[in-house]
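Novice: Take a look at the letters that make up each chain.
Protein chains: 2
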Amino acid sequence: MSELDLAQAVLAGDRLALARTLSHVENNTTEGRSTLSKLFAHTGHAHLVGVTGASGTGKSSLVNQLARYYRHPGEGLLPLRVAVVAVDPTSPFTGGAILGDRIRMRDLAGDPGVFIRSMATRGSLGGIASTTAAVVQVLDAAKFDMILIETVGAGQSEVEIAHLAHTTLVVEAPGLGDDIQAIKAGILEIADVLVVNKADLPGVENTERALRGSLDLAHPLPQRIRHHGQFETVPGQDDRIEAAEPIWETPIIRTVAIEGTGIPELVKAISDHRTHLDATGGWVLRERWRLKTELDMLLTNRLVEGFYTSLPAGVYDNTLQDMLERRISPYQAVEKLIEMVI
Amino acid sequence: MSELDLAQAVLAGDRLALARTLSHVENNTTEGRSTLSKLFAHTGHAHLVGVTGASGTGKSSLVNQLARYYRHPGEGLLPLRVAVVAVDPTSPFTGGAILGDRIRMRDLAGDPGVFIRSMATRGSLGGIASTTAAVVQVLDAAKFDMILIETVGAGQSEVEIAHLAHTTLVVEAPGLGDDIQAIKAGILEIADVLVVNKADLPGVENTERALRGSLDLAHPLPQRIRHHGQFETVPGQDDRIEAAEPIWETPIIRTVAIEGTGIPELVKAISDHRTHLDATGGWVLRERWRLKTELDMLLTNRLVEGFYTSLPAGVYDNTLQDMLERRISPYQAVEKLIEMVI
Numbered sequence: 001m002s003e004l005d006l007a008q009a010v011l012a013g014d015r016l017a018l019a020r021t022l023s024h025v026e027n028n029t030t031e032g033r034s035t036l037s038k039l040f041a042h043t044g045h046a047h048l049v050g051v052t053g054a055s056g057t058g059k060s061s062l063v064n065q066l067a068r069y070y071r072h073p074g075e076g077l078l079p080l081r082v083a084v085v086a087v088d089p090t091s092p093f094t095g096g097a098i099l100g101d102r103i104r105m106r107d108l109a110g111d112p113g114v115f116i117r118s119m120a121t122r123g124s125l126g127g128i129a130s131t132t133a134a135v136v137q138v139l140d141a142a143k144f145d146m147i148l149i150e151t152v153g154a155g156q157s158e159v160e161i162a163h164l165a166h167t168t169l170v171v172e173a174p175g176l177g178d179d180i181q182a183i184k185a186g187i188l189e190i191a192d193v194l195v196v197n198k199a200d201l202p203g204v205e206n207t208e209r210a211l212r213g214s215l216d217l218a219h220p221l222p223q224r225i226r227h228h229g230q231f232e233t234v235p236g237q238d239d240r241i242e243a244a245e246p247i248w249e250t251p252i253i254r255t256v257a258i259e260g261t262g263i264p265e266l267v268k269a270i271s272d273h274r275t276h277l278d279a280t281g282g283w284v285l286r287e288r289w290r291l292k293t294e295l296d297m298l299l300t301n302r303l304v305e306g307f308y309t310s311l312p313a314g315v316y317d318n319t320l321q322d323m324l325e326r327r328i329s330p331y332q333a334v335e336k337l338i339e340m341v342i
Numbered sequence: 001m002s003e004l005d006l007a008q009a010v011l012a013g014d015r016l017a018l019a020r021t022l023s024h025v026e027n028n029t030t031e032g033r034s035t036l037s038k039l040f041a042h043t044g045h046a047h048l049v050g051v052t053g054a055s056g057t058g059k060s061s062l063v064n065q066l067a068r069y070y071r072h073p074g075e076g077l078l079p080l081r082v083a084v085v086a087v088d089p090t091s092p093f094t095g096g097a098i099l100g101d102r103i104r105m106r107d108l109a110g111d112p113g114v115f116i117r118s119m120a121t122r123g124s125l126g127g128i129a130s131t132t133a134a135v136v137q138v139l140d141a142a143k144f145d146m147i148l149i150e151t152v153g154a155g156q157s158e159v160e161i162a163h164l165a166h167t168t169l170v171v172e173a174p175g176l177g178d179d180i181q182a183i184k185a186g187i188l189e190i191a192d193v194l195v196v197n198k199a200d201l202p203g204v205e206n207t208e209r210a211l212r213g214s215l216d217l218a219h220p221l222p223q224r225i226r227h228h229g230q231f232e233t234v235p236g237q238d239d240r241i242e243a244a245e246p247i248w249e250t251p252i253i254r255t256v257a258i259e260g261t262g263i264p265e266l267v268k269a270i271s272d273h274r275t276h277l278d279a280t281g282g283w284v285l286r287e288r289w290r291l292k293t294e295l296d297m298l299l300t301n302r303l304v305e306g307f308y309t310s311l312p313a314g315v316y317d318n319t320l321q322d323m324l325e326r327r328i329s330p331y332q333a334v335e336k337l338i339e340m341v342i
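Top to bottom, those sequences are chains Z and W. Residue 1 is where the first sequence starts when you use the working numbering, and the numbers rise one by one after that. Residue 1 is where the second sequence starts when you use the working numbering, and the numbers rise one by one after that.
Be a bit skeptical, because a hint or two may be false.
[Claimed, not checked] Straight-line alpha carbon distances no greater than 30 Å define the calculated DSS-like cross-link-like pairs of lysine-lysine that follow:
#, chain 1, residue 1, chain 2, residue 2
1, Z, LYS336, W, LYS143
2, Z, LYS336, Z, LYS143
3, Z, LYS336, Z, LYS268
4, W, LYS268, Z, LYS336
5, W, LYS143, Z, LYS38
[As the list claims (entries may be wrong)] Non-contacting residues of chain W with respect to chain Z, defined by C-beta distances greater than 10 Å in every case (computed):
#, residue
6, LEU16
7, ALA41
8, ALA109
9, THR300
If you're looking for bench data, these hints aren't it; they were derived computationally from the structure. This structure is a prediction, so every number in the text was calculated from the model and none was measured. C-beta atoms are modelled at their ideal positions from N, C-alpha and C, and glycine is treated no differently.
Could you build the full structure based on these sequences and the hints that come with them?
Specialist: Structure, rendered in structure tokens:
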């Protein structure tokens, strides 16, 4: 299939072409990049929902239940097309991800309105985030209404991946470790909706109280700070983007995903957040910020690759050797290499 | 104090100068960079030990106990000078880190052979890792024998920070989440020593069995793969570095840090690992790989900053606007911006 056909087939809803395009994109092939460029004009429709939380919180079940709910929203409501992208930057075992897919698929198998993709990539963080961004664009162009981006953990990776979403859910569960407070601090900033899953377990009140306490504590840090935190690390700043988003009161929703309890309430919170973004101009701010993050990632990769390619053979290794022998410091090494190329 | 004095004062063991230099380095000031370049020639002596693990494993107590042990190693043994660098990429609250310091300090307060520094930085991941590298260099030049680099979590951040250490401890504890297997997969690769802390809790046998099972499962992934994983993301590769390290059988050590149980065994495992690295040439391989990681991080930052500075005013914002309106794709935007500068 030629590139042109591939993009057109994806737009026409061909699942095989979709899977093939995603493989091209994940492997960063020329065909993948050019298909992406063709599909990009057709993106911007989907609601991107990030779902993150530590191992053991039952995130995957929650994502499954959300997908099922969107497919069967009850009488008089139109089902939405749902894609799930599961990103596990800590797992080097593709096998695990594929197995996970199969288990998930059992639930939603054969439904053409559902598409699930796991990415168990071992690349650099920047690489994972930009590949995820590209995968999400393909799915957006393929007319999925809701794209659920699931990530493991509570570290910097999740913060990076949260930049890709319009709405970020942070999933907690009772009784996972005793220094909950510490974890919350960082993760609260990216949460648009907090979910306490496994809410039938003992300790749910404590977990919810701790979360609410942290939210109150973080009160001088509303969405405004979220943006500051992000933009201070991004070059080429733009005053318009630094404008604060209107304040959104982060709701805390209790769920028991395996029983489906709380899912309608969670779906409503997600939809409320979208309404809020639409009504306040927050949607456009997040779109800018998502695309800016992606542009910066791609630029960085290009610049670095280009630089290494231009270095005369042997220079890099000799410089590193000089560093090892403490003849030149890392900063001096950088100056030396840069002077050589520019 | 002039830069020259600052570097000399650090080398002479002046704690105030040390703290001041670290602040300069963390804020990436000109004085910080130039002091670093002066100090770099005096580095390469310290044994850098990374300590990572999820929240709730009792990592901090473990690090405290290690520090105490190195200071009071028992009759006939020389105490070592110990520095602790606590990196929490998820915490935006500097206040928390400072509070943590005070609690820690109570234990080891007034001992001039101990220095503790917390970094609760909000920067990008690359920024945190290169700042940590610089902080560690200053402490190395200040003649600390053991530098314990403590990080929270099990994500990409820890993998990045593990690149800074000669020996990486991964800390687990019984009963933290039900899908332990999933977490282990990624983290196993960076572990030189596995610690099961809180080994007096029920479930310790299960945790240890799961870890041992994962180690066996990962058997085709010894240190050799560790290096592959790292270098495939780093440009400017060097065949010599890709050479595999000799195989090291990752030990599993049980501890109850708050009681000091297992600390001598852990200290021995760390020391055995250093002996192994020295005897097999692994030390030099890790030194190269540490310094290469740092060089690549600094180069990337410099290239990106330089590029944004060279862009004509307004071009970046207009390009982003074109992306927002789907007139050009992210890849096309990158090409356009690059052509403008180069």
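Novice: Hint by hint, say whether it matches the structure.
Specialist: Do the hints match the structure? See the list:
For the proposed pair LYS336/Z and LYS143/W, the alpha carbon gap of about 28 Å is at most 30 Å, so the pair holds. Note on LYS336/Z and LYS143/Z: the hinted pairing is violated, with a Cα-Cα distance of about 49 Å set against a maximum of 30 Å. A threshold of 30 Å between alpha carbons decides the hint, and for LYS336/Z with LYS268/Z the separation of about 57 Å lies outside it, so the pair is violated. Annotation: proposed proximity of LYS268/W to LYS336/Z is violated, straight-line Cα distance about 41 Å (limit 30 Å).
Between the alpha carbons of LYS143/W and LYS38/Z the distance comes to roughly 57 Å, so the proposed pair goes past 30 Å and is violated. No beta-carbon of chain Z is positioned within 10 Å of the beta-carbon of LEU16/W; the least distance is around 23 Å. Chain Z draws ALA41/W into its interface by the beta-carbon criterion, the shortest separation being 5 Å against a cut-off of 10 Å. At roughly 22 Å, the least C-beta separation between ALA109/W and chain Z is larger than 10 Å, which holds for a residue marked as non-interface.
Look at THR300/W: its CB is around 5 Å from the nearest CB on chain Z, not clear of 10 Å, so calling it non-interface is violated.
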